[in-house]
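Colleague: With chain A's structure known, arrange chain B with the ligands on it following the hints.
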Amino acid sequence: MTSIIKTNSLTKIYGKKSSAFTALDNINLDIKQGESIAVVGKSGSGKSTLMHLLALLDSPSSGSVIINNVDSHKLSIKKMDLLRNQNFGFVFQQFFLSPHESVLDNVVLPLKIAGISRSERKKRGLEVLEAVDLADKSKDKAVNLSGGQKQRACIARALINNPTIIFADEPTGNLDSITGQMIENLLFQLNKDKNITLLIVTHDDDLANRCQRQIYIKDGSLIKEQ
Amino acid sequence: MKLTDLLLMANSSLFRNKARTFLTVVAIFIGATTLSLTNGIGSGLKAYINRQLGNLGNPHSLTITANAKTASSFNSSGLQPYNPNQTRIVSAGGGPNGSHSIVGLTKSDINKISKIPNVVSVQPNYILSPDYIALSSNLAKKYQFSLGQIFGTSSLDMAVGENASNSSATPEITIPTSYVSSLGFNNAIQAINKTVIIGMTNALGQSHSFQATIVGVQQKTLVGSAQAYGNLTLINELHSFESQGLPVAQEGVYASLTAVYKSNLSATGLSNLQATLTKDGYTGKTIQDRVSTVFTIINAVTYVLDFFAIITLVAASFGIINTLFMSVSERTREIGLMKALGMSKAKIFTLFSLEAVLIGFWGSMLGILFANIIGRVVNSITTNGFLKDFPGLSLLSFPGINSTIIVVVIIAVAFLAGALPARRAAQKDPIEALRYE
Ligand SMILES: Nc1ncnc2c1ncn2[C@@H]1O[C@H](COP(=O)(O)OP(=O)(O)OP(=O)(O)O)[C@@H](O)[C@H]1O
Ligand SMILES: [Mg+2]
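From first to last, the protein sequence lines stand for chains A and B. Going left to right, the first sequence walks through residues 1 to 226 as this note's numbering numbers them. Going left to right, the second sequence walks through residues 1 to 437 as this note's numbering numbers them.
Hints should not be assumed to be uniformly reliable.
[Unchecked claim] To give an idea of the chain B side of the interface with chain A (calculated C-beta under 8 Å), a few residues: (1) Arg16; (2) Arg20; (3) Ala300; (4) Met338; (5) Leu341; (6) Met343; (7) Pro430.
Hints are computed from structural coordinates only; laboratory data are not their basis. Since the model is a prediction, treat every value here as computed from it, not as a measurement. The C-beta atom is built at its ideal place from N, Cα and C for all residues, glycine as well.
Same shape as in the complex, but just chain B:
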């Protein structure tokens, strides 16, 4: 018997008992909808965070710190021995945990790391504290702000304009959307190509102002802070002024560096690079490393929710077992006739398994479709509601691969549920079936 004929036969048998089939499909449908929704929340959040990773800086970069243990009272196993040859900087943070000293990095570290294969560039992470930002045409209105650096080529999510370029010789800056109206622009487009003035005071108490051109306005974001970003030219100007008058010991000492690696580096290439850094006494963390705890939590929550969804599926699969046992006993004579007319055991087994598979197929397809509709509605309510401030965040997302996996899993569960009744059908003795009244 051909597969298409088996399929048609299984399908028509399901249609013969519409009410019973419907109820069994509904049970699977509920399971599929639940599984799809629980998965959808996880995927929605992860997709959003992935999209926002660009706002944390160059995705092909490593944040590098010295590998020495810190003498923090928090999470420490005691005091670390003092080493007079290590460069130390004292970081801020004299909270209840006490301040801790961090081993700093210097020019020679930059040179050393630059020579590691696959590293494109290494820059220190400056801690710049500019005094104010103001529009050059309206110097009366000055605002406090914070300024970040970009590394390599930047890929911040821009509303208008483009990212500041490190290869540009003129000082460039991008501002977040929240600065637009404060600085006196009607909209983001107006801000492009305007000149801003940045005020700075150094350790000697001298003040100076610097010019920069706005090249882009950054989209609102959940991850990363709302701050301006300057290109290398601007940052270097500001840093060389700010570091004038620092104690000699602190000059040219940085808490961390950022290394940009080749954008085509494979995953193994990256872990090799990280291993090399560890061997040389550094810690190199990717952006993904930095947010991996968030992912771990989302995954854990998703798994717990999925687990509940799977329980509903297990319950539904008992519905399939029951339905098929009924179908097998109702069709005893038909099975006997088909076996008498030369149908093999394997084909009889396939026929009844297909019934189960079809129930699984329809249940999961309808469930996923319904979950998608729920997703649309929920997303449109939430993006205009409590998630209004996070453009681009859809609470529920249903990537094709996940939906495919859900369909395959449910069909597999349905097949397993159908196996017992299908085996019963295949084992039936044609004579007994033919004598059956």
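With the rest of the complex left out, here is chain A:
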């Protein structure tokens, strides 16, 4: 299996000198195409920080992230923007939906940024909304959705560019257990059907155990991998 993302002594230090805080310390990872990986750890252990670095949203203090065998230090800003826009799918810890815009408009945002035509956007937007079972809500304003529906809209947005990997930060954190279960099923089905790599940040052991591999982080260090 080909690696999609590798890290090499990845370290992130916030602040300077006396107030310096090591959020991530010397992390080495190898993520293969089609894998499902859980990043587990207590609050403040550095899970989101790791995800942001892997997704090229932030730059490491030292060490490197290697994407498709290319060191991210060698990528131009434009190339990184393009990777995030075309190859990555994001489900953030918060929903980040524009409340007063329609569900469809929210979901097609990555295509809009990519400069894809209105008609094509609508077609693909309705397809992904169908896939997350939200097609009937496409014209509703995002603010009127329930929590589970909002998270499904976020997953639809993450799917719309046919990503090779989805980064999901606590995708079930804000949901009740039944809705959470539904979201989990949706993600693992995508992993199985479309071979989309999953990187799920969670502190829920059940969700972590459904993934092929678990990475345990404590105080910024990788303590266990299984």
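Modeller: Just chain B with the ligands now, with coordinates in the frame of chain A:
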């Protein structure tokens, strides 16, 4: 992201905060209205004066005088040395400034100037003082009047009929509208093709009357005097009679000449012609030269007014800066999300700049529209009110080019005002924005 999508997004962001957007647009709107009105007054006056220039004579003509300095006590740097070979005529004007002698021009000057390239014709400017004008059918009623010459082809603003023609062998005359009722006509149309009698007395005290046909009635005008104009045939008849018995020294000596140049002469061709005249010892002034001081004054006043209008715009642009900073900080999370999803810095900058540009666009468009409405109302009040005697004068005029410049200037000002907040948005770190509560 495509430009249309950016525009729609910027527009919907403006609509989301209707009250705030409205107030910012109002500030720009006031500036645009003021700028448009101050400009409109200048343009209105200049357009009117330009239209009236035809009433000062042939637009393609130069008034030529000898280049020698006058010995006037006014504005002079002392007495000029006497030169017995120069032809002099003494002009009227023995006022407090004292009379001054002017170097006169003669037949040989006319010949010399006629040979300069691009000059079509040269005529002396006669000073004719006819005694009276009367209708041939009503000789009992005689009126004092003044008579002007036309040069080349004339383009006076006619109410009815046409300009007198210098190529016509019969004596022709045009009269101003104010003569119509005095001469006993009910309206201007009646006057056309009627014969008038012009009385003249020469230096020997002899009187004679001359006939001329009315070919046109001239529109009322602000510039130029209300006088009759005769064609070459009539003027020559009158002049040859009037100059009988003049002292020999004054015969065939003229204070000024009028040279008509080719109507297709370019601006550089004209200034070359004027330079040639200066070199040969003459001064050639166009009609535009003669009214250029008026234009300079109008321009200066317009600039001062514009300056005040621009101050209101500068104040309004601080409104834009403020509005956009608010918009940027409100939309921190949205900016972070868009950057995380791969939107470039340049596009984020464009998005917020477009918001500023749209505010500028709407403010300036509405301002110009409103100024045009004010202009209509003011013009219709004034043309029926205190400007009643000046047909064709609109106090406010809004040429398309000026309005376009105003829109472009205001959009540019809005863009500059928006640049700072837009830069702030573009520099935002997506992570910080995503962590922002
Ligand atoms: N910009 C920053 N400056 C300083 N410290 C930061 C910054 N961002 C994060 N941290 C710190 O880094 C640590 C890791 O944060 P991170 O968000 O990765 O935790 P997490 O594991 O995702 O926690 P949670 O489960 O609560 O989301 C925390 O202690 C946090 O306070
Ligand atoms: Mg987190």
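Colleague: Now, for every hint given, state plainly whether the structure supports it.
Modeller: Evaluated hints:
1. Because the smallest distance between the Cβ of Arg16/B and any Cβ of chain A comes to about 7 Å, under 8 Å, the interface hint for this residue holds.
2. Given hint, Arg20/B at the interface with chain A, is violated; its Cβ is 16 Å from that chain's nearest Cβ, farther than 8 Å.
3. Annotation: interface hint on Ala300/B violated; nearest CB of chain A at approximately 51 Å, more than 8 Å.
4. Satisfaction of the interface hint for Met338/B is found here, the shortest Cβ-Cβ separation to chain A being roughly 7 Å, below the 8 Å cut-off.
5. This hint holds: Leu341/B has a C-beta 5 Å from the nearest C-beta of chain A, less than the 8 Å allowed.
6. With a cut of 8 Å, the hint placing Met343/B at the interface with chain A holds, because the nearest CB-to-CB distance is about 5 Å.
7. Hint status for Pro430/B relative to chain A: holds, with the closest Cβ pair at about 5 Å, below 8 Å.
The structure shown violates the earlier hints numbered 2 and 3.
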